Each structure stands twice: as C-alpha cells, then as structure tokens.
Amino acid sequence: MTKEEFNIRLKELGITQRDFSTIADIPYSTINNWGFKVNEKVIPVPRWVAPFLDHFEKSRKYDYLLKEILKAAQNLEKK
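Number 1261 in our numbering belongs to position 14 of the sequence shown; there are no gaps in the numbering.
Since the hints were made in silico from the structure, they are not lab data. In this text the structure is predicted, and so the values were computed from the model without any measurement. Hints may contain errors.
When the alpha-carbon atoms are kept at most 30 Å apart in a straight line, the in silico BS3-like pairs for lysine-lysine are as follows [to be verified]:
1) Lys1326 with Lys1288
2) Lys1258 with Lys1325
3) Lys1258 with Lys1326
Label-pair restraints from in silico Cβ distances [what the hints assert, rightly or not]:
4) Glu1315 with Asn1254: 55 to 65 Å
5) Lys1308 with Tyr1275: 23 to 33 Å
6) Ala1319 with Ile1255: 49 to 59 Å
7) His1302 with Lys1258: 12 to 22 Å
8) Glu1251 with Lys1326: 29 to 39 Å
9) Lys1305 with Ile1255: 11 to 21 Å
10) Asp1272 with Ala1319: 29 to 39 Å
11) Glu1259 with Phe1283: 16 to 26 Å
12) Ile1316 with Gly1282: 33 to 43 Å
13) Pro1291 with Asp1266: 15 to 25 Å
14) Glu1252 with Lys1305: 47 to 57 Å
15) Ile1290 with Leu1260: 17 to 27 Å
16) Glu1315 with Asn1286: 47 to 57 Å
We put the CB at the ideal spot given by N, CA and C, even for glycine.
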C-alpha cells in the first residue's frame, strides 16, 4: 500500500490520519513519515495497515448492524 492509497482508504472510511494515529496507537509523526525518502529509500506504509483498515471497516459495520438489531428488538418488546 502506498501513502496515496493509504490516504484514499482513510477518506473512504471517513477518518483522518490523526484519527488513525489514535486508533492504531501510533505516533502521528510516524504516519507522516510514510512515503517520504530517507537516504534514497522510501519509508513504506507497513504491511499490517491494509488488513487493519479492512478489519476496522468490518468492525464499524458490525457495530452498526448490532445497534440496529438491538433497536429493532426493543421496538418488538414494546409491542
């Protein structure tokens, strides 16, 4: 994953680099360094980031679904 792909993925998820920094418990400065050249070598986005973002997305969908199911169950109980 390139830094550009990383930023696109964050945008799709509606989170910022600062949000990601907090969620993943990574210093914001570390994230900012990804994609820059140091000693003629580009600092890559770590391989774990793509699966982490995939699981983050699934987790948010699960949380939303669970909330909707519980809301529907409460509505049924009231009837």
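Hint by hint, here is what the structure shows:
1. Only pairs whose Cα atoms come within 30 Å are accepted, and lysine 1326 paired with lysine 1288 is rejected, the gap being roughly 64 Å.
2. Between lysine 1258 and lysine 1325 the CA atoms are separated by roughly 39 Å; this puts the pair beyond 30 Å, and the hint is violated.
3. For the hint linking lysine 1258 to lysine 1326, the alpha-carbon distance of about 41 Å lies beyond 30 Å, and the restraint is violated.
4. Remark: the range hint 55 to 65 Å for glutamate 1315 to asparagine 1254 is contradicted by a beta-carbon distance near 30 Å.
5. Against the hinted window of 23 to 33 Å, the Cβ-Cβ separation of lysine 1308 and tyrosine 1275 comes to about 26 Å, which satisfies the hint.
6. For alanine 1319 paired with isoleucine 1255, a C-beta distance near 34 Å fails the hint of 49 to 59 Å.
7. Between histidine 1302 and lysine 1258 the C-beta distance comes to about 18 Å, which sits within the given range of 12 to 22 Å.
8. Under the hint 29 to 39 Å, the C-beta atoms of glutamate 1251 and lysine 1326, about 51 Å apart, miss the expected range.
9. Taking 11 to 21 Å as the suggested C-beta distance range, the pair lysine 1305 and isoleucine 1255 conforms, at roughly 18 Å.
10. The supplied range of 29 to 39 Å is met by aspartate 1272 and alanine 1319, whose beta-carbon atoms lie about 34 Å from each other.
11. One distance hint, 16 to 26 Å for the beta-carbon pair glutamate 1259 and phenylalanine 1283, holds here, with the actual separation near 23 Å.
12. A beta carbon spacing of about 40 Å between isoleucine 1316 and glycine 1282 agrees with the range 33 to 43 Å that was offered as a hint.
13. For the pair proline 1291 and aspartate 1266, the supplied restraint of 15 to 25 Å holds, since their beta-carbon distance comes to about 21 Å.
14. One distance hint, 47 to 57 Å for the beta-carbon pair glutamate 1252 and lysine 1305, is violated here, with the actual separation near 19 Å.
15. Distance hint check: the CB atoms of isoleucine 1290 and leucine 1260 are about 22 Å apart, consistent with the given range 17 to 27 Å.
16. Hint check: glutamate 1315 to asparagine 1286, Cβ distance near 51 Å, so the stated range 47 to 57 Å holds.
In summary, the numbered hints that this structure violates are 1, 2, 3, 4, 6, 8, 14.
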